[in-house]
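Protein sequence lines, in the order shown, are assigned to chains A and B. If you count the first sequence from 1, you need to add 71 to reach my numbering. If you count the second sequence from 1, you need to add 188 to reach my numbering.
Some hints could be false.
As the list claims (entries may be wrong) - Keeping only pairs whose Cα atoms sit at most 25 Å apart, straight-line, the calculated DSS-like set for lysine-lysine is:
id : chain 1 : residue 1 : chain 2 : residue 2
1  : A       : Lys216    : B       : Lys363
2  : A       : Lys216    : B       : Lys383
3  : A       : Lys302    : B       : Lys408
4  : A       : Lys312    : B       : Lys363
5  : A       : Lys314    : B       : Lys496
6  : A       : Lys91     : B       : Lys304
7  : B       : Lys462    : B       : Lys496
8  : B       : Lys363    : A       : Lys287
9  : A       : Lys312    : B       : Lys469
10 : A       : Lys290    : B       : Lys304
11 : A       : Lys121    : A       : Lys267
12 : A       : Lys312    : B       : Lys254
13 : B       : Lys496    : A       : Lys318
14 : A       : Lys87     : B       : Lys496
15 : A       : Lys73     : A       : Lys91
16 : B       : Lys254    : A       : Lys73
17 : B       : Lys462    : A       : Lys302
18 : A       : Lys314    : B       : Lys462
19 : A       : Lys296    : B       : Lys304
20 : A       : Lys287    : A       : Lys223
21 : A       : Lys223    : B       : Lys363
22 : A       : Lys314    : B       : Lys304
23 : A       : Lys296    : B       : Lys408
24 : A       : Lys178    : B       : Lys363
25 : B       : Lys408    : A       : Lys314
26 : A       : Lys223    : B       : Lys254
27 : B       : Lys408    : A       : Lys87
28 : A       : Lys302    : A       : Lys312
What the hints assert, rightly or not - If you want a taste of the chain A side facing chain B, the calculated C-beta under 7 Å gives, among others:
id : residue
29 : Leu166
30 : Ala204
31 : Leu237
32 : Val310
33 : Asp311
Note that these hints are calculated values from the structure, not bench results. No residue lacks a Cβ here, since even glycine has one placed at the ideal position from N, Cα and C.
Spelled out from the first residue to the last, the chains are:
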Amino acid sequence: MKVLVPVKRVVDYNVKVRVKSDGTGVDIANVKMSMNPFDEIAVEEAVRLKEKGVVTEVIAVSCGVTQCQETLRTAMAIGADRAIHVLTDVELQPLAVAKLLKALVDKEQPGLIILGKQAIDDDANQTGQMLAALANLPQATFASKVEVAGDKVNVTREIDGGLETLQLSTPAVITTDLRLNEPRYVTLPNIMKAKKKQLDSVTPEDLGVDVTPRLKTLKVSEPAKRGAGVKVADVAALVDKLKNEAKVI
Amino acid sequence: MTNLVIAEHDNASIKPATLNTVTAAVACGGDVHVLVAGEGAAAAAAAAAQIAGVSKVIHADGASLKNGLAENVAAQVLALAPGYSHILFPATAGGKNVAPRVAATLDVAQISDITKVISADTFERPIYAGNAIATVQSGDATKVITVRTTGFDAAAATGGSAAVETIAAAADNGKSRFVGSEIARNDRPELTAAKIIVSGGRALGSAEKFNEVITPLADKLGAAIGASRAAVDAGYAANDLQVGQTGKIVAPQLYIAAGISGAIQHLAGMKDSKVIVAINKDPEAPIFSVADYGLEADLFTAVPELVKAL
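Only chain A is shown next, with the shape it has when bound in the complex:
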């Protein structure tokens, strides 16, 4: 069984982004970029399934600008066997990415597609579900445990209030939650090996997909600032403030 793992290049999660003063977006020039944390978990899970012997090949995919190839090299350093880069400079929204992935799923026929549950830049949490809908596959989102058993896969999901377990017939789409696993660190020898692995490049036109954005961003603004707070000296002063000033207890 092949596994397809889509990965996204995003602003590093430790960076505090700044909104551009003209309101056109967020300033990402000269900002550190890395693989979306949920996607790292997805790659790790795919590689672990391969190490268990239930998966034969792990293919990483990334859609976007040329630099996404660095993200794909990282995925291959974690253990992906080869990579596909869908090259485009157009702003990609989840529906467009889902359509690109659908075209690749048709071509590669993977048994599982494992995605991160959301990207930490647009916070959309849509692509996996959209891909499942377009490819007419069952889905298990927010996975915290994945067990492949023959042509079925059991997935434990994080839901509001606890956990639930679903059984899907493969092929299926899974999106990862934080607690699925802890991604391994990439080692220098593996980074060197990843440079030799196969990386194919295609364009949305090759795949016959129209990636025109559907949502128009009119402006991007700073969230409302909170007023400066005060430090209180002790517990008694805190209780007094909460009771008499804020009146919340």
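Given the coordinates of chain A, work out where chain B should sit on it, guided by the hints.
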């Protein structure tokens, strides 16, 4: 223009998230219908009919909808979709699971986690963990939306008198099956709906200490308990208590953060709280930059003292 709200329910009662979503639907303009998709959920449908602002409740009843499988619920919504201009889901685990499936099948963009309705086609939503607010406009014929519940007031749960129409459930997809669930027992107010939240972080040190220190304060205040990702990952608290970008988004009247440094991802989940109190012994902790009241102290002495003083 008619809007369809997909109710969040447990087959017996309507979850509060539904009420906030109805408010967002009313803000879009036009009639508001509510879909209650489940099995034996007549009581939930009856409760939905009471919500102020709702003009019709559609009760889809059948075994395929019992456990809220995304494939089946999406099929149910899609069967109704042609009659609606807006389809709104609460941005809960359930809503986020289904909404994109509906949108993709309709070939429209989905708009996630809206916090404000500017007009029928323009919405505000947070991006980059809440560090920026995007105003987006949809040109699609049908707007498929998930609603951040803390961004909208709850509609009144009574006062409405909508008609309930019962319809047959969509067929089962046959590719996915519900195996079981493990719901954390919780006698406290629901985290996302609580007026007061007491939240603990890594500084608690262990699950025992977490319970020993945080629980009495929560009991005293009638508060829900939350946790930072660090506390959850370390096993001090159950993962459905996690507040943050990747956990629950909350906006209570009072949020007390004890032993939480205040990483960007945590702040994204709680910085819309009305009053924030931080108890931390590190004067440099970023949590103090958003706290209305900061107490620089060891939480192991300060929290018990606080319990006594209340």
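To see whether the hints hold, each was checked on the structure:
Using a Cα cut-off of 25 Å, the hinted pair Lys216(A) and Lys363(B) holds, with the two alpha carbons roughly 19 Å apart. About 33 Å separates the Cα atoms of Lys216(A) and Lys383(B), which puts this hinted pair outside 25 Å; it is violated. Annotation: proposed proximity of Lys302(A) to Lys408(B) holds, straight-line Cα distance about 23 Å (limit 25 Å). A C-alpha spacing of about 56 Å is found between Lys312(A) and Lys363(B), which places the hinted pair above 25 Å, so the restraint is violated.
Under the criterion of a C-alpha separation no larger than 25 Å, the hint pairing Lys314(A) with Lys496(B) is consistent with the structure, at around 15 Å. For the hint linking Lys91(A) to Lys304(B), the alpha-carbon distance of about 21 Å falls within 25 Å, and the restraint holds. Straight-line distance between C-alpha atoms of Lys462(B) and Lys496(B) comes to about 24 Å, which keeps the hinted pair within the 25 Å bound. As the CA atoms of Lys363(B) and Lys287(A) are separated by approximately 35 Å, the hinted pair breaks the 25 Å bound.
The straight-line distance between the Cα atoms of Lys312(A) and Lys469(B) is roughly 20 Å, inside the 25 Å bound, and the hint therefore holds. Between Lys290(A) and Lys304(B) the CA atoms are separated by roughly 14 Å; this keeps the pair inside 25 Å, and the hint holds. Only pairs whose Cα atoms come within 25 Å are accepted, and Lys121(A) paired with Lys267(A) is accepted, the gap being roughly 20 Å. For the proposed pair Lys312(A) and Lys254(B), the alpha carbon gap of about 48 Å is over 25 Å, so the pair is violated.
Restraint check: the Cα-Cα separation between Lys496(B) and Lys318(A) comes to about 19 Å, which is no more than 25 Å; the hinted pair holds. Simply put, Lys87(A) and Lys496(B) have alpha-carbon atoms about 39 Å apart, too far for the 25 Å limit, and the pair is violated. Pair hint Lys73(A) plus Lys91(A) does not hold up; C-alpha atoms about 42 Å apart against a cutoff of 25 Å. Pair hint Lys254(B) plus Lys73(A) does not hold up; C-alpha atoms about 33 Å apart against a cutoff of 25 Å.
A threshold of 25 Å between alpha carbons decides the hint, and for Lys462(B) with Lys302(A) the separation of about 17 Å falls inside it, so the pair holds. A distance of roughly 14 Å separates the Cα atoms of Lys314(A) and Lys462(B); the hinted pair therefore holds under the 25 Å criterion. Taking the CA atoms of Lys296(A) and Lys304(B), the gap is about 17 Å. The hint holds against a cut of 25 Å. Taking the CA atoms of Lys287(A) and Lys223(A), the gap is near 40 Å; set against the 25 Å cutoff, the hint is violated.
Distance restraint check for Lys223(A) and Lys363(B): the Cα-Cα separation of roughly 9 Å lies within the 25 Å cut-off, and the hinted pair is therefore satisfied. Our distance criterion of 25 Å between C-alpha atoms is broken by Lys314(A) and Lys304(B), whose separation comes to about 31 Å. This hinted pair does not check out: Lys296(A) and Lys408(B) have alpha carbons roughly 31 Å apart, beyond 25 Å. Under the criterion of a C-alpha separation no larger than 25 Å, the hint pairing Lys178(A) with Lys363(B) is consistent with the structure, at around 21 Å.
For a cut-off of 25 Å, the pair hint linking Lys408(B) to Lys314(A) stands: about 14 Å separates their Cα positions. For the proposed pair Lys223(A) and Lys254(B), the alpha carbon gap of about 21 Å is at most 25 Å, so the pair holds. The hinted pair formed by Lys408(B) and Lys87(A) fails the criterion: a straight-line CA distance of about 36 Å is larger than 25 Å. As the CA atoms of Lys302(A) and Lys312(A) are separated by approximately 11 Å, the hinted pair is consistent with the 25 Å bound.
Given the 7 Å rule on beta carbons, the hint for Leu166(A) holds: about 5 Å separates it from the nearest Cβ of chain B. Interface hint status for Ala204(A): upheld, as the beta-carbon distance to the closest one in chain B is roughly 4 Å, under 7 Å. Restraint check, Leu237(A) versus chain B: the minimum CB separation of about 6 Å is within 7 Å; hint holds. Evaluation of the Val310(A) hint against chain B yields a held restraint, the C-beta minimum of about 5 Å falling below 7 Å.
For the restraint placing Asp311(A) at the interface with chain B, the shortest Cβ-Cβ distance is roughly 9 Å, beyond the 7 Å limit, so the hint is violated.
In this structure, the earlier hints numbered 2, 4, 8, 12, 14, 15, 16, 20, 22, 23, 27, 33 are contradicted, and the remaining ones agree with it.
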